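Using the sequences plus the hints, can you model the full thing?
In case you want the letters, here they are:
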Amino acid sequence: TTQPLQEPQPEALKKVTAVLDWTPNTNHTGLYVAKDKGFFKEQGLEVEIIQPSEGTSDTIVASGKAQFGISYQESVTYARAADIPLISIAAVIQHNTSGFASLKEKNILTPKDFEGKVYGGWGSEMEEATIRYLMEQAGADFSKVTIMTTGDADFFQTSATGQIDFAWIFEGWAGIEAKQKGMELNYIDLGKEAPVFDYYTPVIITNETILKEDKALVEAFMKGVKKGYEYAIKNPEEAADILIKEVPEINQELVRESQKFLSDRYQDDAATWGVQKEEVWQRYTDWMFANGFIDKKIDVTKAFTNEFID
Amino acid sequence: MDNSIRIKELNMVYTGLADDDGTGLGVLSNVNLKVQANEFVSILGPSGCGKSTLLKIIAGLEKDYEGEIYLGNDNPKYKRVPVCYMLQKDCLMPWRSLLSNVLLPIEIKKGDLKKAREEIQPLISEFGLAGFENYRPRQLSGGMRQRAALLRTYLMDGEIMLLDEPFGALDEITRMQMQDWLTLVWGKHRKTVLFVTHDIDEAIYLSDRVLVMSERPGTINGEINIDFERPRKREMILTSQYSEYKKSILKFLKT
Amino acid sequence: MDNSIRIKELNMVYTGLADDDGTGLGVLSNVNLKVQANEFVSILGPSGCGKSTLLKIIAGLEKDYEGEIYLGNDNPKYKRVPVCYMLQKDCLMPWRSLLSNVLLPIEIKKGDLKKAREEIQPLISEFGLAGFENYRPRQLSGGMRQRAALLRTYLMDGEIMLLDEPFGALDEITRMQMQDWLTLVWGKHRKTVLFVTHDIDEAIYLSDRVLVMSERPGTINGEINIDFERPRKREMILTSQYSEYKKSILKFLKT
Amino acid sequence: MKKSENTGQNKKHRELGLSIIPAIIMVLFVFFWQAAVDFFNVQPFILPGPITVFKAIYDERNLLLTHILVTLGEALAGLGVAIFLGIVFGLLMGYCKPVRIALYPIFVITQTIPLIILAPLFAIWFGFGFLPKVIIVVLMCFFPISITFTQDLIKSDEDMDSILKVMGASKWKSFRLARIPQALPGLFSGLKIAVTYSITGAVISEWIGAKQGLGIYMTRAMTSFKTAVLFADVFIIIVLSLVLYKLVELIEKRFVKRIDYV
Amino acid sequence: MKKSENTGQNKKHRELGLSIIPAIIMVLFVFFWQAAVDFFNVQPFILPGPITVFKAIYDERNLLLTHILVTLGEALAGLGVAIFLGIVFGLLMGYCKPVRIALYPIFVITQTIPLIILAPLFAIWFGFGFLPKVIIVVLMCFFPISITFTQDLIKSDEDMDSILKVMGASKWKSFRLARIPQALPGLFSGLKIAVTYSITGAVISEWIGAKQGLGIYMTRAMTSFKTAVLFADVFIIIVLSLVLYKLVELIEKRFVKRIDYV
Ligand SMILES: Nc1ncnc2c1ncn2[C@@H]1O[C@H](COP(=O)(O)OP(=O)(O)OP(=O)(O)O)[C@@H](O)[C@H]1O
Ligand SMILES: Nc1ncnc2c1ncn2[C@@H]1O[C@H](COP(=O)(O)OP(=O)(O)OP(=O)(O)O)[C@@H](O)[C@H]1O
Ligand SMILES: [Mg+2]
Ligand SMILES: [Mg+2]
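Chains as they are written, first to last, in our numbering: chain A, 301 to 610; chain B, 2 to 256; chain C, 2 to 256; chain D, 5 to 266; chain E, 5 to 266.
Treat the hints with care, as some may be off.
As the list claims (entries may be wrong) - Stretch by stretch, here's where chain C covers chain E in the computed footprint (C-beta under 8 Å, at least three residues): (1) 159-169; (2) 176-188.
Unchecked claim - Under the rule of at most 27 Å between Cα atoms (straight-line distance), these lysine-lysine pairs were calculated in the DSSO-like manner: (3) 417(A) to 406(A); (4) 341(A) to 315(A); (5) 545(A) to 479(A); (6) 252(C) to 234(B); (7) 527(A) to 341(A); (8) 78(B) to 175(D); (9) 35(C) to 9(C); (10) 59(D) to 597(A); (11) 169(E) to 116(C); (12) 159(D) to 101(D); (13) 101(D) to 175(E); (14) 177(E) to 116(C); (15) 80(C) to 175(E); (16) 110(C) to 189(C); (17) 255(C) to 234(B); (18) 177(D) to 111(B); (19) 560(A) to 492(A); (20) 404(A) to 481(A); (21) 64(B) to 177(D); (22) 560(A) to 545(A); (23) 175(E) to 78(C).
As the list claims (entries may be wrong) - To list a few chain E residues with every Cβ distance to chain D over 12 Å, as calculated: (24) 42; (25) 55; (26) 63; (27) 69; (28) 80; (29) 85; (30) 91; (31) 92; (32) 99; (33) 110; (34) 147; (35) 172; (36) 211; (37) 216; (38) 239; (39) 248.
Derived by calculation from the structure, the hints in this document are not laboratory data.
Nothing here was measured: the structure is a model prediction, and the numbers come from that model.
For glycine and all other residues, C-beta sits at the position ideal for the given N, C-alpha and C.
Here it is, written out as structure tokens:
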């Protein structure tokens, strides 16, 4: 299903498709910077960035219709457990920047405070298990939380109208938006609360066939991407401008603030941007297995590679 | 109540038609007409001269005319006057059986359907429709449909009967039966009848007075009083008086 | 070609009707009939006796009958034989103008519409429809619609004409005009005509032979040869021969 | 109606024969699908073969059943309301021109709103319970019913109206006696369109937020790469919709037979 | 037709007056919406007032325009194909009973497939270009057209068929002369349903994966909490759909006037 190998010609750019996980945001800045700044072109690539239907990027990459995509560690694990040969080739953000947020007045400071509150999520069992794990760890009674499925409903709308008490958000996005709106939030950082949840989200993926048959392509793509994120790390403001220029539909102030927040966190404490640790993968895979989300333990060393980072 | 029909200087023009040069199609022109209560008046006239239109106007279905019309003391332009009206087309509802088509007037005035059904049964037989009560209109012959429509008209309220070629699709024998039935109904229920037909013999046999209309735009061209005594006999056709009537009707028709 | 009509032991039963006790509704029973080429034959009969059904069968529209029918050498059950057929209902298309309704046969056989339109113009005038070419059927009077349908029938192909009460909605004068026109067409184009009517005078005036049908289930009850010479004159009505014919027709009708 | 019994039988047989055609087409389709999947060795996460899908249906039958009941409940409730409203407003609009002129554009507007987008608002107004789901199904199914019904109700037969008027029928009565029977076929074609949307409507409505139902089951299957289950889900939706459709067709046949249109 | 000119004029005026009603209703609706938002001091991210929405439309007009053109292109292309196919298959099914019996259920099935669910499959099969979007619009709009058209095509008038047969009209000619004119109103009510779905269909089709279009714009506005822009987007979709709808209505009026139904 992959395109036939072609000798890279300086003039003819190779067309490559990258699918996002859904709508463009600051997680994707590096891609857009690489596109805008010509980092892809330097590698002989012409990258088309597609916004797909939510949650379909894995299937699309697995099928080879797009060569690269944005996904999450958990999705890759799911996929591999289902014998779908996806592989993560870079961690976009070094640590998990998501967590549980609630309005200040709800006074939810620790997982213990979840008791008696309403959680609004998108209805996956993974959320339930995560909350349960956190609460049990804190010695709280999970049965006292009401889990409500709110789908894609807006966190601010549902919490401001009192439909829910807390939700799972990206700090670098909804968290920043709250500041923009002048709303005060309590935020429980997932990765800090339990190391097992400090997994990689999001990651860049490709499929094994491409990796096998056209390593050069992956190398070229990742060179561009890496350069893009490194640029974003160094120049948050310019990077934000580039993202806004490429995706003018999204909230510009939010992008600027979010970019400032994220630029430091892309690489964070890692030696270089994009590095993934086996430990992180193993930890979360074990947890998923223990909670019955996957019915076999995957070989995590095959699920990711740092080969294209160094 | 007074069941007379009075029409004064009636003019009717259809407008907005194809190929209209702006004047419209004059259909009735200066029609003056008076039908006494309980009188039986026939209208003869060339096809397309406006007979059906005249009946439609009297029934209150067409209001864009000039002139004055009174049914008794009421003007049908402003007030519904119940009449028994039989259109030239049978207008039976295709999805209803013969019987429920016939009983429609009872259904509409919320009458006792069961009683009406029983009462009408002998008439259905008399009309030669027995056994066809549950047939749909399209399963009936043309003449049967016409008889059903006549029966429906009979069940309508109103002391004034407006009949538009009610026997056009009937054979001689059935037609005579129906004529006699109509005479009976007219006599018994003291109705006022305005009867459009193309059959001169029929007009003479039935009517107190025959009106002859001119070509379109139709107007009353001639009026013949039929002075035969009632009950009428078929044999009067052999009298010279009859030939006189017929001749003068034909003369009026030919002009 | 031979334009005769031969019918042998025709039986027709409608089945699957409401209140059917299993035997169905017998409409035609043992009809035997022969019409010579270029003969003009009228059919009279009580309403609902099966006249229209008979014509429908001859036209090849109804095939669930028993018996044999030949138009010339062809059996319409198995092979379409072109005939000029006029149904009892006018069947004009409501969304077409009078003219394009009339020209339908030409349109169907992909004839030269322009030429036909020019050729038909004098006839439209003769039929009293001039000026109404662009009217829709619902804007025409009953008689006008009937004349339009007749004109359409005239434009159909076929040497055999089947006419189902074609003049039922016409006044005496127009009817006579039409009768004379029909006689002319029949003579000139040497057509074979089977003519259903309820008007005995009309039947005698037009026909070589008059057939009288019985009550339903209809069968040919009587046959009267009309021996007046052609061209016919209206005055023959005064002859005793004429009264004889009329009397024997009435006699057959009454049985 | 008027054919001899014999041909009637024949015709019936022939039609019965014909009605197998779509079944044959479907079977062939399934067969080729399986063959294609086998032949090209398509990975099941991209396109599972029918055998895999049927196996998934069998394996998950208990789970499926609970979810089906939830979704079916929503669909039927919504459909019921939509039929009721569609008929009522169809009647109103067919009967009363001012109402038609005033309401019609509004209804058209409701049709053009992309519901899923406004889903969050629905949640705010109506919560995440049964109600917003029913509302969405109603919004999807209501329009085809009312529009086709109205369209047939306003077709007038002048002479029929005349005779009814003379008989003293009120405007409403004349409408009821002449227009409604004439518009029933239109109503049924609207109903047929509506029922095919009802199940899908319910599934979509569940994406707003729900705990159970085929829509939820679907998204879960999707995120955990159980493509076969996803297809099983789609299959169930199709079957449910077809059953509803056939039901309408059956009722129509009864009705039309009883009323016996020309 | 047959009213005197005078009343004709009056009637026209009255109808013109009536057609303002929906406009008034809409204006009142917008007014109350603004008033409610002001009065209850609703935060704009929960429900933006109309002024905010219109401001958003104005501010984003350039962006909106590019996206509108993309979506409109998809909608129109899909609609065009759907109309063509709907008419062709409507004719085929109306004309030929075996075709109807064989195809009808298949079309019903296509209607019942929840398209968005199969989004990844669409992406895999047809990529992210123009084609899959057009296909989705076609699948959404095709059915109402063909079903309403077919339904009216199969209504028979026995006597009309008889006379045509006698005149030697072939089956097809008789169909063309008697059935098609009679079925045009049905076709138009199907078209009206179809156009209201076309824009929404295009928007949904973009969710499969796209770079541009109102659907993309919408989701981006939604996920970056630009509620006013989201509403602006919805407003634009409604307006576009209404314009298409009115267009169909206009064409219908012309047609019906020319053919002049009873
Ligand atoms: N609705 C209408 N619109 C326009 N013109 C009409 C309408 N109805 C009738 N006409 C015209 O009015 C004239 C008279 O029609 P009407 O039906 O009153 O004739 P009639 O005397 O009953 O004829 P017939 O004996 O043939 O039934 C005709 O020329 C006809 O074309
Ligand atoms: N399609 C049909 N289905 C069932 N019965 C029918 C059908 N058409 C006609 N009939 C019946 O056949 C009988 C004869 O009908 P037909 O129309 O041939 O009579 P007709 O002699 O032409 O009468 P009329 O002079 O009244 O026109 C009638 O009793 C009628 O009810
Ligand atoms: Mg008349
Ligand atoms: Mg007859």
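Taking the hints in turn, this is what the structure says about them:
Under the rule that three or more residues need a Cβ within less than 8 Å of chain C, the assignment of the stretch 159-169 of chain E holds, with 6 such residues. Look at the stretch 176-188 of chain E against chain C: 5 of its residues bring a Cβ nearer than 8 Å to a Cβ of that chain, three or more, so the hint holds. Between the alpha carbons of residue 417(A) and residue 406(A) the distance comes to roughly 9 Å, so the proposed pair stays at or under 27 Å and holds. Of the supplied pair hints, the one linking residue 341(A) and residue 315(A) holds, its CA atoms being roughly 10 Å apart against a limit of 27 Å.
Proximity of residue 545(A) to residue 479(A) is assessed by CA-CA distance (about 23 Å); at most 27 Å being required, the pair is judged to hold. About 19 Å separates the Cα atoms of residue 252(C) and residue 234(B), which keeps this hinted pair within 27 Å; it holds. For the hint linking residue 527(A) to residue 341(A), the alpha-carbon distance of about 12 Å falls within 27 Å, and the restraint holds. With a CA separation close to 17 Å, the supplied pair residue 78(B) and residue 175(D) stays within the 27 Å bound.
Simply put, residue 35(C) and residue 9(C) have alpha-carbon atoms about 9 Å apart, close enough for the 27 Å limit, and the pair holds. With a CA separation close to 24 Å, the supplied pair residue 59(D) and residue 597(A) stays within the 27 Å bound. Straight-line distance between C-alpha atoms of residue 169(E) and residue 116(C) comes to about 24 Å, which keeps the hinted pair within the 27 Å bound. Taking the CA atoms of residue 159(D) and residue 101(D), the gap is near 12 Å; set against the 27 Å cutoff, the hint holds.
Distance hint between residue 101(D) and residue 175(E) is unfulfilled; the C-alpha atoms sit about 39 Å from each other, more than 27 Å. For the given pair, residue 177(E) sits about 21 Å from residue 116(C) by alpha-carbon distance, which is consistent with the 27 Å threshold. Among the hinted pairs, residue 80(C) with residue 175(E) is consistent with the structure: their alpha-carbon atoms are about 15 Å apart, no more than 27 Å. Using a Cα cut-off of 27 Å, the hinted pair residue 110(C) and residue 189(C) holds, with the two alpha carbons roughly 23 Å apart.
Distance restraint check for residue 255(C) and residue 234(B): the Cα-Cα separation of roughly 18 Å lies within the 27 Å cut-off, and the hinted pair is therefore satisfied. For the proposed pair residue 177(D) and residue 111(B), the alpha carbon gap of about 11 Å is at most 27 Å, so the pair holds. Distance hint between residue 560(A) and residue 492(A) is fulfilled; the C-alpha atoms sit about 21 Å from each other, no more than 27 Å. Pair hint residue 404(A) plus residue 481(A) holds up; C-alpha atoms about 13 Å apart against a cutoff of 27 Å.
Straight-line distance between C-alpha atoms of residue 64(B) and residue 177(D) comes to about 22 Å, which keeps the hinted pair within the 27 Å bound. With a CA separation close to 17 Å, the supplied pair residue 560(A) and residue 545(A) stays within the 27 Å bound. With a CA separation close to 17 Å, the supplied pair residue 175(E) and residue 78(C) stays within the 27 Å bound. No Cβ of chain D approaches the Cβ of residue 42(E) within 12 Å, the least distance being about 18 Å, so the stated non-interface status holds.
Against the 12 Å criterion, residue 55(E) stays outside the reach of chain D, whose nearest CB is about 18 Å from its own CB. Every C-beta of chain D lies more than 12 Å from that of residue 63(E), the closest at about 20 Å, which supports listing it as non-interface. At roughly 19 Å, the least C-beta separation between residue 69(E) and chain D is larger than 12 Å, which holds for a residue marked as non-interface. At roughly 15 Å, the least C-beta separation between residue 80(E) and chain D is larger than 12 Å, which holds for a residue marked as non-interface.
Annotated as non-interface, residue 85(E) keeps its C-beta farther than 12 Å from every C-beta of chain D; the closest such distance is 19 Å. Annotated as non-interface, residue 91(E) keeps its C-beta farther than 12 Å from every C-beta of chain D; the closest such distance is 16 Å. Even its closest Cβ contact with chain D, about 18 Å, leaves residue 92(E) beyond 12 Å, as expected for a residue assigned away from the interface. Taking the minimum C-beta to C-beta distance to chain D, about 15 Å, the non-interface status of residue 99(E) holds against the 12 Å cut.
The Cβ of residue 110(E) does not lie farther than 12 Å from every Cβ of chain D; its closest approach is about 6 Å, which violates its non-interface assignment. For residue 147(E), the non-interface assignment is contradicted: its Cβ lies about 7 Å from the closest Cβ of chain D, within the 12 Å cut-off. Distance check for residue 172(E) against chain D: the nearest CB is about 23 Å away, which clears 12 Å, and the non-interface claim stands. For residue 211(E), the condition that its CB be more than 12 Å from all CB atoms of chain D is violated, with the nearest at approximately 9 Å.
For residue 216(E), the requirement that its beta carbon stay farther than 12 Å from each beta carbon of chain D is met, with the minimum near 17 Å. In this structure residue 239(E) is not separated from chain D by more than 12 Å, as the shortest Cβ-Cβ distance comes to only about 10 Å. The non-interface label for residue 248(E) is inconsistent with chain D: the shortest C-beta to C-beta separation is roughly 9 Å, within 12 Å.
Of the hints listed earlier, those the structure fails to meet are numbers 13, 33, 34, 36, 38 and 39, in rising order.
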